[in-house]
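Engineer: Chain by chain, the residues run as shown.
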Amino acid sequence: MKVTVINGPNLNLLGTREPEIYGTDTLASISASCIAQGAEKGLLIEFMQSNHEGEIVDWIHQAIGEADAIVINAGAYTHTSIAIHDALRAYAGYKVELHISNPHTRETFRHTSYIAPAVDAVVAGLGVSGYAQVIELLPDLIARKKSR
Amino acid sequence: MNKQTLLILNGPGVANAVDRPGDATLEQIRQACASSCKALGMKLDFRHTDDAGELLSLVAKASATTSAVKSYAGLIINPASGPKAKSIDAASYQAALERAATAQLPIIEVHIENIFDDSVENADAARRLQASAAGIGFISGLGEFGYQLAIKALHHRLSPGDDAHG
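So the protein sequences, as listed, match chains U and V.
According to my numbering, the first sequence is numbered sequentially starting from 10.
According to my numbering, the second sequence is numbered sequentially starting from 3.
Excised from the complex, chain U in its bound form (with noise of 0.2 Å):
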């Protein structure tokens, strides 16, 4: 099974910007943590990152008839972007909206999403680990989203 990990702006600065809210782990290692978990429960994971909103929608149609999963950190396109949300809304397979923080504790120009209305789930404010624990889940999820 594939998945494709798809993160927003600013993400590819993690490890240096803001570390007290993002941590110092950067997008390299939550990469290969990824893939990791994904070959640990035999999943190819597609890990991406852009700073551009059409190139996320194109990644998002590509997922289509290819990917079982979307993983999607869209960062703050996560709060502006109805291209984003329609994208996922084409997207049948399971897909999941992920943050490091959880964006409802930040400033309120960040409370709301347009991604989570489109999306099976939204996991917020487990820190990088959350990448890999998502993916760890995505077996089962996916299998019941099928079975329905």
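Any given hint could turn out to be false.
[To be verified] Under the rule of at most 20 Å between Cα atoms (straight-line distance), these lysine to aspartate or glutamate pairs were calculated in the EDC-like manner:
| no. | chain 1 | residue 1 | chain 2 | residue 2 |
| --- | --- | --- | --- | --- |
| 1 | U | K155 | U | D77 |
| 2 | V | K40 | V | E29 |
| 3 | U | K154 | V | E123 |
| 4 | U | K155 | V | D119 |
| 5 | V | K40 | V | D53 |
| 6 | U | K154 | V | D119 |
| 7 | U | K154 | V | D25 |
| 8 | U | K11 | U | D77 |
| 9 | U | K50 | U | E75 |
| 10 | V | K63 | V | D91 |
| 11 | V | K45 | V | E29 |
| 12 | U | K154 | V | D120 |
| 13 | V | K154 | U | E145 |
| 14 | U | K11 | U | E75 |
| 15 | V | K88 | V | D47 |
| 16 | U | K155 | V | D25 |
| 17 | U | K154 | U | E116 |
| 18 | U | K11 | U | E55 |
| 19 | U | K154 | U | D77 |
| 20 | V | K154 | U | E49 |
| 21 | V | K88 | V | E56 |
| 22 | U | K155 | U | E75 |
| 23 | V | K154 | U | D149 |
| 24 | V | K88 | V | E29 |
| 25 | V | K63 | V | D47 |
| 26 | V | K154 | V | D47 |
| 27 | U | K11 | U | D67 |
| 28 | U | K50 | U | E145 |
| 29 | V | K40 | V | D120 |
| 30 | U | K50 | U | D149 |
| 31 | V | K63 | V | E100 |
| 32 | U | K154 | V | E146 |
| 33 | U | K155 | V | E146 |
Worth flagging that the hints you see were computed from the coordinates, not collected in a lab.
Knowing the structure of chain U, use the given hints to seat chain V on it.
Structural biologist: Chain V alone, transformed into the frame defined by chain U:
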């Protein structure tokens, strides 16, 4: 050293939330949580109440510290589900969680359904409860697996060499 104890609180209507065929019942969720905690070397106190007042007093009790010894190492809370979510006063609930977070109690809020999906009945009633106290983790829509993820995440947070949180 005594084993750490996790408190899992389920509020009004949560037992009724798991009514789709193939869904785990709250008792099955409790059993799965108990075995996860055991495997991670933690004790579990798993509770359910349909009474909003009792839920708030259980949160208050969990945030109380006695002579620097905390009764609970962490709290997982599914505050409410379905029409009964309306029975909770959002401001009182958020204030209770705020106090618990201030008392350094790690907290993860769990919802079985995705409360941002408006096809989920009374999702708006559960959604208005969402607390904004710093550091609270949040899981919505993973079904019974949400509890498993919350237990692992809290165990990770309570272990030395923790990564980012908040």
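Engineer: Is it true that the CA of V:K88 sits at most 20 Å from the CA of V:E56?
Structural biologist: Given that 20 Å is the threshold and the Cα spacing comes to 15 Å, the pair holds.
Engineer: Mind checking the alpha carbons of U:K154 and V:D25 for me, to see if they're no more than 20 Å apart?
Structural biologist: holds, 12 Å
Engineer: Check the hint pairing V:K154 with V:D47 against an upper bound of 20 Å on the C-alpha distance.
Structural biologist: Cα-Cα ~16 Å, so holds.
Engineer: Hinted pair, alpha-carbon criterion (20 Å max): U:K50, U:D149. Please report holds or violated.
Structural biologist: holds, 10 Å
Engineer: Against the 20 Å threshold, does the CA-CA distance of U:K154 and U:E116 hold or violate the hint?
Structural biologist: violated, 33 Å
Engineer: Take a quick look at whether V:K154 and U:E145 sit within 20 Å of each other, Cα to Cα.
Structural biologist: Holds. V:K154 to U:E145 sits at ~11 Å (cutoff 20 Å).
Engineer: Taking only the CA atoms, is the gap from V:K40 to V:E29 under or equal to 20 Å?
Structural biologist: This hinted pair holds, its Cα atoms lying about 16 Å apart.
Engineer: Taken at face value, is the distance from the CA of V:E123 to the CA of U:K154 at most 20 Å?
Structural biologist: This hinted pair holds, its Cα atoms lying about 19 Å apart.
Engineer: When you check the alpha-carbon spacing of V:K88 and V:E29, does it fall within 20 Å?
Structural biologist: violated, 24 Å
Engineer: Is the hinted pair V:K63 and V:D47 satisfied, with a Cα-Cα distance of at most 20 Å?
Structural biologist: holds, 13 Å
Engineer: Given the hint that V:K45 pairs with V:E29, does the C-alpha gap stay at or below 20 Å?
Structural biologist: holds, 17 Å
Engineer: Does U:D77 sit within 20 Å of U:K154, going by the straight-line distance between their CA atoms?
Structural biologist: Between U:K154 and U:D77 the Cα gap is close to 10 Å, so the pair holds against 20 Å.
When the structure is compared with the earlier hints, violations turn up for hints 5, 15, 17, 24, 29 and for no others.
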